[in-house]
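Visitor: Residue numbers (numbering that gives the first Met the number 0), protein chains in the order written: chain Y, 0 to 333; chain P, 0 to 475; chain F, 0 to 406; chain G, 0 to 309.
Worth double-checking, as some hints may not be accurate.
To be verified - To spell it out: a stretch of chain Y is covered by chain F in this simulated footprint if at least three of its residues, at any positions, have a beta carbon under 8 Å from a beta carbon of chain F; those stretches are:
| hint | segment |
| --- | --- |
| 1 | 113-127 |
| 2 | 252-258 |
Said to hold, decoys possible - According to the in silico footprint, chain G covers these stretches of chain Y (three or more CB under 8 Å from chain G):
| hint | segment |
| --- | --- |
| 3 | 134-147 |
| 4 | 186-197 |
| 5 | 270-279 |
| 6 | 318-325 |
Stated by the list, open to error - Facing chain Y, a subset of chain F residues (Cβ under 10 Å, in silico):
| hint | residue |
| --- | --- |
| 7 | Gln54 |
| 8 | Phe57 |
| 9 | Gln60 |
| 10 | Asp286 |
Worth flagging that the hints you see were computed from the coordinates, not collected in a lab.
For every residue, glycine included, the Cβ atom is placed at its ideal position computed from N, Cα and C.
Spelled out from the first residue to the last, the chains are:
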Amino acid sequence: MTQQLKLRRVAAAEGSFLRRLSADQPARAVYLALALLIMLGWLLFTLDGGRFLSQENIVGIQQRSAALGIVAIGQTLVILAGGLDLSVAYLISLTTLVAAEIMAGAGANVPAAIAAVLAVSALVGLVNGLIVTRLQVHAFIATLGTALIIRGVLDARYDGPAGSVPASFRHLGYDRIGPLAVSALLWAAVAVSAWLLLSRTRLGYRIYAVGGNTEVARLSGVRTERVMIAVHVLCSVCAGIAGLLLASRLGAGTPTAGTDGGYDLESIAAVVLGGTALAGGRGGVAGTVGGVLLLAVLDSIFNQMEVNSFAKDVVRGVVLVAALAIYARRRRTA
Amino acid sequence: MTGIGKSFLGVRVLDGVDLEAAAGEVHAVVGENGAGKSTLMKILAGVHAPDEGTIEIDGRSVAFGHPIEAQRAGVAIIYQELTLLPERTVAENVFLGREPVRRGLVDRAAMESATGELLSSLGEESFGPRDLVRRLSVAQQQVVEIAKALSLNARIVVMDEPTAALADHEVGLLYTLVRRLTERGIAVLYVSHRLREIFDLAHRITVLKDGARVATAEASSLDVATLIRLMVGRELDSYYPPRAADPPGEVMVSVRGGGNARLRGIDLDLRAGEIVGVAGLQGSGRTELAKALFGAEPFTTGEMTPCRPRSVREGIAAGIGLVTEDRKAEGILPHQRVRDNALLVARAIRRSAGTPAIERLLRRVRLNPPRPAQEIRLLSGGNQQKVVLAKWMTVAPRVLLLDEPTRGVDVGAKAAIHELMRELARDGMAVLMISSELPELIGMSDRIVVMRDGGIAGELPSGSTEESVMRLAAAS
Amino acid sequence: MRSYSRRFLAVAALAVLTTATAACTTDEPAPSAAPAGSSGPAESAGPGDRGTGAQSKFFVQADYDAQMTMRRAEPTGPADKPWEQSIDPQLIDTAAYKKAAPYHLCFSNAAIDNPWRQVGWKTMQAEVALHKEIERFTALDAEGKDDKQISDIAELQGKGCDVLIVSPNTTATLTPAVSGACPKVPVIVFDRGVETDCPVTFIKPVGGYAFGAEAAEFLVDKVPSGGKILALRILPGVDVLETRWSAAKVAFDSSDLDVVGVEFTDGDAAKTKSIVGDYIQRYGKIDGVWMDSGATAVAAVEAFEDAGLPVPPINGEDQQDFLQKWSDAKLTAIAPTYPTYQWRTPVIAALKILKGEQVPKIWNLPQPAITQENLATYLKPGMPPLHYALCGCEDLPGYPEKWGGTS
Amino acid sequence: MRRALPIFVVLAGLLIAIAVVNPYFLEPPAFLAFVKRAAPLVILAAGQYFVIVSGEFDLSVGSLVTAEVVIAARLIDGSAEATWPVLALLLVLGLLVGLVNGIVTTIFRVPSFITTLGMLLILSGAVFLWTGGAPRGALSPEFRELGRGSLGPVPWSVLILVAVVAAAVYAMRAGFGHTLIAAGDNDRAAALSGVRLARVRTAAFMISGLSAAVAAILLGGFAGVSAQAGNGLEFQAITAVVLGGVVLGGGRGSVVAAMAGAFTLEALFTLLNLYGISGALEPAVQGVIIIAAVALGAVRFPRRRTAAAS
């Protein structure tokens, strides 16, 4: 028994970097699935007379996944802490508008616009966090409520696309460095920051603690309410960053940018696809990145095969449920 | 602590309680369930804020708004229930809320080496700081819990029923630990229901009753009987009710060669009218035995008559009931009324019991006061346990399995439960009782089955000594 | 473990640096040219802002005037093929794009998420199938997401298309993507426009003002003066729908009808029925119903039926269920259209361009209205309830089964 | 019941506020029209209640409603004879979808939020895959009668609603209801007391599916074929249940209060409409009210940690 334990400890130490990166096994599973899917994609593209690894396709996959990826990172933080954020989609719409209207086509206004977007999104996150902690409203209802409130503001203030993004800011959405899109680098930066936050900072440790068991965290001296507010603020800020990216892509703000993209439920789907437990306390950003890439590669294959959107929904639904069923099974047998 | 008062939902839980502890002293706090011990400790730990009264440490008045503030003031607490995160490592749990940082980032290396030192100072070698808590046994987790309290370098350590999850030989380790703490000049506040531990360890004893302090006295000036009288307010003439005079009746359940992933070669007969005690260390398979007999974690091999249940429902159909060890997680429906809790089994197997029957039953299990419309979470642990017993009595099982039936139950309720067990046996039920408390096992059982490593190590007649039980349980 | 992560960070940083020095390129489209044919927004809302509220900020007087002229104009082209007709065409030369068959056509579709787009999409596919010289037809569905459509357009540029057809999801936001594609491939835009004139041709029916005016003028004509009008709109802020309402508003404001309410239905039949029911209850009688789209017209009609009242003059659209109801219940009605046959035109235009034939710079398709007189010719039994009669698909192979009908 | 009281006070307040603006509102025809309009949401809320009180979510009901309406139109295709068999089929289909949701959640241990989110995608995709993108066929007048017509002065949908209320109340009073709540309150304790968790939870999903089928029949009957008949209904139903004081996570709340929550939501919509706060600000007001209602509930009933002192 002791012998076994020691062996395991040695193994754990050696695999420690990977273990830190993935935090647990489903993250590995999602990368395995991603690798298989890429091979399948390559095969299908080749049979169909296309090139999977063409510049356009690779950049396309990055461009399609960057905004969702950034939102999903924020969503990961909230879910790890045992919450949920359904307000991100409307918040993204709002922030594209805030960004585009303040920029008003002038490059000089970009810093002010970015600051305003971050401030607005942080404020929304703060409100979400306060409703959840102070008013003790379940995150599902709290964020659904703020989503409705933001929607009301959008409906009342905007009739369609508004504002304009200067050419200088569009580099964010369109430029690439070799085969890497700038938007994807932004996503990577957000992901690495979140990874550092979770694995190397006190707040990160406390996020896992609060999501694992709020009462235990509290009794251990963690100020759980502050942690909950912090994750909501961070999640909303991620949504704000995604809003900036979308504004740059779209050249303007639109009141439907977030909802058309379905960023609320899709980001949650990407997070759980990456192996993070919906109940909190287990998982990490590495899995989420894998989950988002999985969805993006799937989309790219759908595009090449010209699958119609209804069949896509069926496949996405099946993939989501099947993946979760497999995780649940692995966890039980492990 | 002076004049501490506290109310919950309009109910006065503490009323003007004073308590003091000196450096290097073990000060025991005792009282029945509902006497306010845990609340008092939680106020000291900053979990609850007192409605009135003051707390002074080293003569300085303090007020804690949050557990972290109490920690910083040098108060550490080991809770009755484990407060660990299963998905995190040992080191992460030990330093939860106080992670060491270097240049803004958590210093994992420092954290892990400090945890390693703490563990070896506790003589723990079976696991390390990087292991996930989820993979540890309950006893190992208790060690982590203690390491966590030690890591605070606290000047006051509160232990709220620290031995609840420990087997007797592990309790010995804890004693050593407590003494080591006092040698360092730390004040230990020790809350327990186990009177023997209190007399073993405590220098002074404070007795609480109904939220008020009844007495504080030198341990040497008290004996068990006096202490019980102080706690209960009356003399308990005999600690355990007398055994039945009749010899046991027919065999109700019989197992031959029963085994599964955690059990092997179980041979066991339970007869009508007898109380069979089960002893064994933590992890010896006691709980697993009960769950296998009941069908919750079924036997996969061997014979069992009248039938070998493969599920809970088959177990219930065969006339078997199980009162689980972890009442909060596996026993009660916290937000349901007493009545609905009591009717749960009957409803689950579609057998209805009318209202008068329930009220009679609640009186029979000595629920006091018998208010069937009250939410069960508002009851004391002892009363909750009585409702759980009533739940099984609605379906009149032939065999009742009780896993630690008096854990976390105050002295009065404990006596009531013991009486009820006797009564049930007298009425022809076969009762199996698992307990970590040897006096209880010896006092209540007609014979004692001792478990070790998933098998039955031997059987002892009633009237055996604690030493003989321990010898069987711990032999390797 | 710490040395591991440090090394990882160093490698990552190195990788970023090397790629950075490699090549900095942008896929961002060139700055767009001047917006096509639109003047500034209207100065004021005109006389009498009664029940209709302030004029929409989408209202553009010049566009309105142009559409009012086109409504009455005679289109050029074969009369039996309205999808090949055009109103007042300004032909442009396309010899520069001439190319030998076979062709690869690409299509970036905004969405197929509503019945109108479904009918159009089937019609377009059938049109493509008619032409042997089209060897490949690659279509990507953006699922109603602007961002995906931008990526789709970029991706299609890597697939060797001879012509790129775009049906933009949103005018403003797709403009950069379209202007980026223009230099690389001839672009055809239809349905909604973009704010650049770089596409070779922009195909559209007359437009929303014509639709809204047609219905409103019908009500002004049929409803006795002082009558109470209920206006039902799907949702605010959608340009094509805003123009419909703003033209109707102009007509109502200059009439003596009383617009008692302007409500949003979200395109939800149940909500429409409830709203109409509420108004009937509140006003006792509604004398006319104006709708900005036909999707929920039948629900509005049923609200009157269920209240036991005669159905007042109403407009719908060329949807089968409305035409059927109109015919069965002998309604006083009109159905302005936004014809789905416009989905055939881009394919025809693409072939013309690739063959070097002239096409109109702005291809204005006729936009007929269904009236009592021609109702019988448009009502085709056996078609599904949400079919659009002006699909121009009757002569295409696979009709009617492919469109969900029975012959 | 003491948990349920606030929602009835709020509902009464809203109804009075409506009556102040529109005095006809409390007269039988207008009030019946209101109940008729609310019926589908109330029925959905009742179904959703069973799932929520057992500790789960059902996000698939909205797309199930759409799917049912579209399927009914294609299969009935205007024919009177096909009406009754198709009605039966719709109910069976609702049960079947619930069965699949239940099995995936309980046997395969997929969180119900994800199971039903997947089902939402699958249903909305599959049904339009089958019909080629848009609804086809037509509902028969006989089918429409249930949602449109009435028996004397009382609409059929009101009668069906009364039957659903009675059935729901009965189910919750019976042993089934108590075991369901037990599963939501503490599933391990329930399982060790002989409650078949998988079975009761699956039954709850099936009830939710069935209620979606009934709501679809009423909605399709009321308003006809539409490709978006059920849009957003899942969130409305969950909102209604929560408004009724039912706790997400299970184990607490009554079905009558959940249905009262649905009436309250519908009354709120009506009131906002009457006061002309339609369109733009409506969602904002709705959001504030939902948060406020749940927050007040939470304040009235403190979290469990302050209970049971020992």
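Visitor: Each hint should be assessed against the structure and marked as holding or not.
Guide: Comparing the hints with the structure gives:
1. 113-127: violated (count 0)
2. 252-258: holds (count 4)
3. 134-147: holds (count 12)
4. 186-197: The restraint on the segment 186-197 of chain Y is violated, since only 0 of its residues have a Cβ under 8 Å from chain G and three are required.
5. 270-279: holds (count 3)
6. 318-325: holds (count 4)
7. Gln54: 12 Å, violated
8. Phe57: 7 Å, holds
9. Gln60: 18 Å, violated
10. Asp286: 29 Å, violated
Violation of the numbered hints given earlier is confined to hints 1, 4, 7, 9 and 10; the remaining hints are satisfied by the structure.
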